[in-house]
Amino acid sequence: MYKHKAITLISVLVFFFLFCPLILIIITSFNSADSISLPLKGISLKWFFQVFKSRSLTGSFKTSLILAFAASVIGTLLGLLSAIALVKTKNRVSVFLYNVFLSPSLIPGIVTGYILFKFIVVQLQIGLVLALLTGHLLIVLPYTVRIICASLRNTDEGIEEAARTLGCTPVQAFIKVILPELEPALLSAFMLAFINSFNNIPVSMYLKGPGMDTLPYAMMNYIEYNYDPTVSALSVMLMGMTLIFMLVIDHAAMKKE
Amino acid sequence: MKNSIRFGFLIFPLTVVFLFLFFPLLQAIIPTFFSKTITVSNYTAFFSDSLNRTVFFRSIRLSVLTTACCMVMGIPAAYYLSKLSGRKRRILNSLILFPLLTNAVVRGFAWISILGKNGLLNQLLLYTGIVKIPAQLLYTESAIVIGSIYLFLPVMISSLTSVMEKTGIDIEEAAYTLGACPAVVFFRINIPLALPGIITGSVLVFAGTMSAYTTPTLLGGNKKMMLATLLYQQSNTLANWNSAAVISCIMIVISLGIMKIFNTVSATLDKRGAVYV
Amino acid sequence: MNYGMLSDIELSYDRKTTILKNLNLEIQKGELLSLLGPSGCGKTTTLRIIAGLIEPDKGRFIFDGNDITRLPVHKRDFGFVFQSYALFPHMNVYENISFGLKMKNFSKPDIDKKVKNIAEICDIGEYLQRFPKQLSGGQRQRVALARALVIEPKLLLLDEPLSNLDAQLRVQMRTSIKRIQRKLGITTVFVTHDQEECFSISDRVAVMDKGVIVQCGTPEEIYSRPVNAMVARFVGFKNFFTPANAVKMGIQIPAGCTQICIRPPDIELCTQGSNITGTVEVRTYLGTGYQYEINTGIGTLSVSSSAEPPLEQGSTAGLVFKPAKIVFLDR
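Chains as they are written, first to last, in the working numbering: chain A, 21 to 277; chain B, 6 to 282; chain C, 17 to 347.
No wet-lab data here; the hints were simulated from the structure.
Cβ atoms here follow ideal geometry from the backbone N, Cα and C, with glycine treated the same way.
Don't take each hint at face value.
What the hints assert, rightly or not - Not everything, but these chain A residues come out facing chain B in the computed CB check (under 7 Å): (1) Pro-41; (2) Ser-57; (3) Leu-58; (4) Gln-70; (5) Leu-101; (6) Met-211; (7) Ile-215; (8) Ser-255.
What the hints assert, rightly or not - Lysine-lysine pairs mimicking DSS-like chemistry, simulated, CA-CA at most 30 Å apart: (9) C/Lys-91 to B/Lys-88; (10) C/Lys-194 to B/Lys-88; (11) C/Lys-74 to A/Lys-25; (12) A/Lys-66 to B/Lys-88.
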């Protein structure tokens, strides 16, 4: 009804603040000049090719991808199992355990990384691969458990009972009737887990090793020694990846409706 | 499905959490309270070092500053967003959440490329002649604050919009019919009713800024350290386990402390029935 | 006396759907005027235009000699009671009511006096320290009313204030509203879709349909002399038939008449001298009597009668129309 002029002005500035830096990265990544500068000397894709030439960047990308995928799959599965266990029973114990699963997100990432490093790598001397996987599982569990529990709580128990009266065993009833209802939540949980695992820095940073770098850490290293649009180009590609993810999640959410 | 089988599902994930998180956590932290007897000497020693003190107070200071800025910037933006409808709002909403899904390194790098000595901002300043030599913008506390605001503003805006949407338009209209001009309605009606969102957002921003690693490292370097940067330095570069454990405990206490304050404040607000009729 | 006047108001949504067209309405000082009509007829929209919450595309609103069409809401000094009450959730009852007075910069003692006074009139004096969350529907309604009245507005606007209350409370509240309105002498515009509620308290009624005011007059006028079939149906007329059928029954019709109607209680059962006969199809018990659906040569007629003994289903009945109660419509 009323258009507050001051508020609109501030809002526009805020949105400008949020979008500008990313847009600047996108623009400067196409520069044919050797530095991050404006105005553009010319348009070129050479920095994008430069990304693929760097072994540390491409290698760590693969590592991050595989790690995120593994952590997300396991995390979603464990999240599903935990949700099944927690949602049906409504007592103090299940509430407590639910909070236990959410608690890793309360602990600062850097602390989690340090603790895991000290315990798994130094004390137990377990291999890095397992350490990384465990670490990322801990990062991912709060998200998957929360999302799947919420979705399971919202599904009508009645449909499972209806399936049982029509002749299904408990397991069959669950798989045929409940699981399809959970699909969107499972997809969201997987996607969110994947993104958070892929983007994670504190934990991955501690648990790194030769040939076992994650992309964010490799990027940080690269920036320290090279200041050129290669990282800009990589950032653009990562943003593209994020965009695709958002579209997939959005599409899944709309399908449910 | 039998309850026993169900709880069997929990065994593996619970083991992971307890064995690889809680146990090592306690194992690392409890010794910090012992030095032949139960004592806080480790902590007093920690704070007696001036560098540690600087880092600690800087972390608190910058977190408070970031939270305040996010509030001032986030409230108008969230209000504007909550008044939009349909397509415009969904698109703007997604655009605001987009940075949250990108890497902290990407976001930090964006500001490095803007604030650095050879960065875009300095290029502009030199070109227009506002300065003669490049200004030192990076590796300053301001850079950390800017980077942190950039990191957490979307979080604040999200918390706020979800609450602001619930304030019915008729309540604003009622205030207008009673003679309130638009400014009064905004400050006396919209903002008090958005309080739960303001608190949630502030808690997330404060806790996040206090524990962040990437942003302070990229934008503050070793000159301007925050608690997380200090922790990494102590544990990796200096192998000072004791110090690292002390810092870990401090960070966890602050994190949990904020949560507790948040829960108490929310509960009081709820009792007053301050939110929805 | 003309206190307020809406002239040629027009409003469309998105430049395509017309909501109001050629709307003209007079508001007289001190009266309780109702806007009555089915949902979607535009009555709430008209009220909101009066309040200033919506700006019309065309037309003017003159009030007390001034053209206030473009005057912003917060400068109009009209009290508004919303259908949802719209009480401020973060303020208690006292703060809710005193809000409008604070906007007018009254002194604290003055505010206190006025709030306590209106709270007594509206019967909510006990709840001043409570929050809206802790009140029942009826209590909230009275707070909303008090909040609008305490500023001594030039015009009181009520948007279906009783529709969220249960039946008994609704009847109680409408009497209270009328009593308060009379006592304070505030000019009031009241929007409702409930015909009985409207007629019981209004001085004048404007019946609306599809964005136009169809008939405006006292409740008595509208009740006994509806101007067209829509209004007639709305106020309870049921039995509609054509002039041709009327002639068949020996009723004389004036020129220009296109439809005739009559209310169920105004058709009497008789044994001789009937206009028409028919068979009883359905019988419903009303408490005060019976309602009969009677199949006749001109269609099914609804007749309500308390005559004893009641007619049986399937029996024949003779019907006579009370001549003074037959309504001839020319639209």
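Here is what the structure says about each hint:
Interface restraint check for A/Pro-41: the shortest CB-CB distance to chain B comes to about 4 Å, inside 7 Å, so the restraint holds. The interface hint given for A/Ser-57 holds, since its Cβ lies 6 Å from the closest Cβ of chain B, which is under the 7 Å cut-off. For A/Leu-58, the interface hint holds, the least distance from its beta-carbon to any beta-carbon of chain B being 6 Å, beneath 7 Å. At its closest, the beta carbon of A/Gln-70 sits 15 Å from a beta carbon of chain B; the interface hint therefore is violated under the 7 Å criterion.
For A/Leu-101, the suggested interface contact is upheld, since its CB lies about 4 Å from the closest CB of chain B, less than 7 Å. Because the closest C-beta pair between A/Met-211 and chain B is about 10 Å apart, greater than 7 Å, the hint is violated. The beta carbon of A/Ile-215 is positioned within 7 Å of a beta carbon in chain B (closest approach about 5 Å), and the interface hint is therefore held. Against a cut-off of 7 Å between C-beta atoms, the interface hint on A/Ser-255 holds, since the closest Cβ of chain B lies about 4 Å away.
With a C-alpha separation of about 23 Å, the suggested pairing of C/Lys-91 with B/Lys-88 holds against the 30 Å cut-off. Of the pairs offered as hints, the one joining C/Lys-194 and B/Lys-88 is violated, with about 37 Å between alpha carbons and a cut-off of 30 Å exceeded. Restraint check: the Cα-Cα separation between C/Lys-74 and A/Lys-25 comes to about 26 Å, which is no more than 30 Å; the hinted pair holds. Among the hinted pairs, A/Lys-66 with B/Lys-88 is inconsistent with the structure: their alpha-carbon atoms are about 44 Å apart, more than 30 Å.
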